[in-house]
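Same order as they appear, the protein sequences are chains A and B. Residue numbers are given in my numbering: position 12 of the first sequence equals residue 22, and the series is strictly consecutive. Residue numbers are given in my numbering: position 65 of the second sequence equals residue 89, and the series is strictly consecutive.
The hints are simulated quantities; they were obtained by calculation from the structure and are not laboratory data. For glycine and all other residues, C-beta sits at the position ideal for the given N, C-alpha and C. Mixed in with the good hints there might be a few duds.
Not everything, but these chain A residues come out facing chain B in the computed CB check (under 8 angstroms) [as the list claims (entries may be wrong)]:
#, residue
1, G50
2, F55
3, E62
4, A63
5, L71
6, F75
7, P80
8, G82
9, F84
10, Y112
11, F116
No farther apart than 35 angstroms at their CA atoms in a straight line, the calculated lysine-lysine pairs in the DSBU-like style are these [claimed, not checked]:
#, chain 1, residue 1, chain 2, residue 2
12, A, K21, B, K69
13, A, K81, B, K69
14, A, K21, A, K67
15, B, K103, A, K24
16, A, K21, A, K81
17, B, K26, A, K21
18, B, K69, A, K67
19, B, K26, A, K67
20, B, K103, A, K81
21, B, K69, A, K24
22, A, K67, B, K103
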Amino acid sequence: DTGVSQDPRHKITKRGQNVTFRCDPISEHNRLYWYRQTLGQGPEFLTYFQNEAQLEKSRLLSDRFSAERPKGSFSTLEIQRTEQGDSAMYLCASSLQGQGSYEQYFGPGTRLTVT
Amino acid sequence: RKEVEQDPGPFNVPEGATVAFNCTYSNSASQSFFWYRQDCRKEPKLLMSVYSSGNEDGRFTAQLNRASQYISLLIRDSKLSDSATYLCVVFSGGYNKLIFGAGTRLAVHP
Numbered sequence: 011d012t013g014v015s016q017d018p019r020h021k022i023t024k025r026g027q028n029v030t031f032r033c034d035p036i037s038e039h040n041r042l043y044w045y046r047q048t049l050g051q052g053p054e055f056l057t058y059f060q061n062e063a064q065l066e067k068s069r070l071l072s073d074r075f076s077a078e079r080p081k082g083s084f085s086t087l088e089i090q091r092t093e094q095g096d097s098a099m100y101l102c103a104s105s106l107q108g109q110g111s112y113e114q115y116f117g118p119g120t121r122l123t124v125t
Numbered sequence: 025r026k027e028v029e030q031d032p033g034p035f036n037v038p039e040g041a042t043v044a045f046n047c048t049y050s051n052s053a054s055q056s057f058f059w060y061r062q063d064c065r066k067e068p069k070l071l072m073s074v075y076s077s078g079n080e081d082g083r084f085t086a087q088l089n090r091a092s093q094y095i096s097l098l099i100r101d102s103k104l105s106d107s108a109t110y111l112c113v114v115f116s117g118g119y120n121k122l123i124f125g126a127g128t129r130l131a132v133h134p
């Protein structure tokens with residue numbers, strides 16, 4: 011399967027714990043995005059990388075959230091001191107920038123439940 | 025005001041019906057437009073891009089009206105498998121991100 015993959019698919023954690031999610035984009039894609047989706051809403055942008063550089067972060071991304079893409083391939087999203095309000099689906103998407111196309115392809119998501 | 029607005033539905037239609045979804049966006053500088061489909065508890069999947077000249081893909085037709093900042097999706101001959109949430113999506117180059125509407129739910133019944 012050459013699509014976007016995410017791990018884990020589900021995570022249940024207690025409030026105050028740290029969690030880390032991983033995303034592997036489509037191999038030739040140079041842009042990687044993180045979104046968050048809650049029930050009844052569309053995905054909301056969190057941050058994106060072009061290669062290994064993090065170029066933009068949403069105001070939604072509090073200082074408890076950090077994302078990395080150390081070698082310009084896979085990315086990790088860490089949430090420290092989780093809160094119940096962090097419960098959501100965390101989606102990763104990738105795209106190939108530079109060919110006039112802005113289409114993004116999503117992974118299956120990581121569903122986080124904070125108890 | 026939300027940047028991308030859609031009627032949440034649900035639209036309940038019989039098989040074979042034609043159904044249309046509308047969407048408006050607020051940023052006149054938006055560059056690209058898409059419809060994504062999302063099944064329950066799954067990731068969004070690209071359904072089609074939307075071009076100013078309008079475009080068609082089988083039973084699906086998308087239209088863009090830049091002057092009115094309005095996007096539409098028409099589904100002809102609805103199938104049970106079309107039941108899903110349809111997300112109107114705008115790419116804003118100034119922000120380098122996709123901006124999603126909240127989605128319109130479609131339920132096709134026998």
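Evaluated hints:
1. G50: 7 angstroms, holds
2. F55: 4 angstroms, holds
3. E62: 16 angstroms, violated
4. A63: 12 angstroms, violated
5. L71: This interface hint is violated because 12 angstroms lies over the 8 angstroms limit.
6. F75: 16 angstroms, violated
7. P80: Where the cut-off is 8 angstroms and the nearest Cβ of chain B is about 21 angstroms from P80 of chain A, the hint is violated.
8. G82: Not OK, violated: G82 of chain A not within 8 angstroms of chain B, min 17 angstroms.
9. F84: 17 angstroms, violated
10. Y112: Result: holds, 4 angstroms to nearest chain B Cβ.
11. F116: 4 angstroms, holds
12. A:K21 to B:K69: Given pair K21 of chain A, K69 of chain B holds - Cα atoms ~23 angstroms apart, limit 35 angstroms.
13. A:K81 to B:K69: Given that 35 angstroms is the threshold and the Cα spacing comes to 27 angstroms, the pair holds.
14. A:K21 to A:K67: Between K21 of chain A and K67 of chain A the Cα gap is close to 23 angstroms, so the pair holds against 35 angstroms.
15. B:K103 to A:K24: 42 angstroms, violated
16. A:K21 to A:K81: 25 angstroms, holds
17. B:K26 to A:K21: Cα-Cα ~30 angstroms, so holds.
18. B:K69 to A:K67: Given pair K69 of chain B, K67 of chain A holds - Cα atoms ~23 angstroms apart, limit 35 angstroms.
19. B:K26 to A:K67: Holds. K26 of chain B to K67 of chain A sits at ~19 angstroms (cutoff 35 angstroms).
20. B:K103 to A:K81: 44 angstroms, violated
21. B:K69 to A:K24: Distance of about 31 angstroms is within 35 angstroms: holds.
22. A:K67 to B:K103: Not OK: K67 of chain A and K103 of chain B at ~40 angstroms, beyond 35 angstroms, violated.
Figure legend: structure checked against the earlier numbered hints; hints not met, in rising order: 3, 4, 5, 6, 7, 8, 9, 15, 20 and 22.
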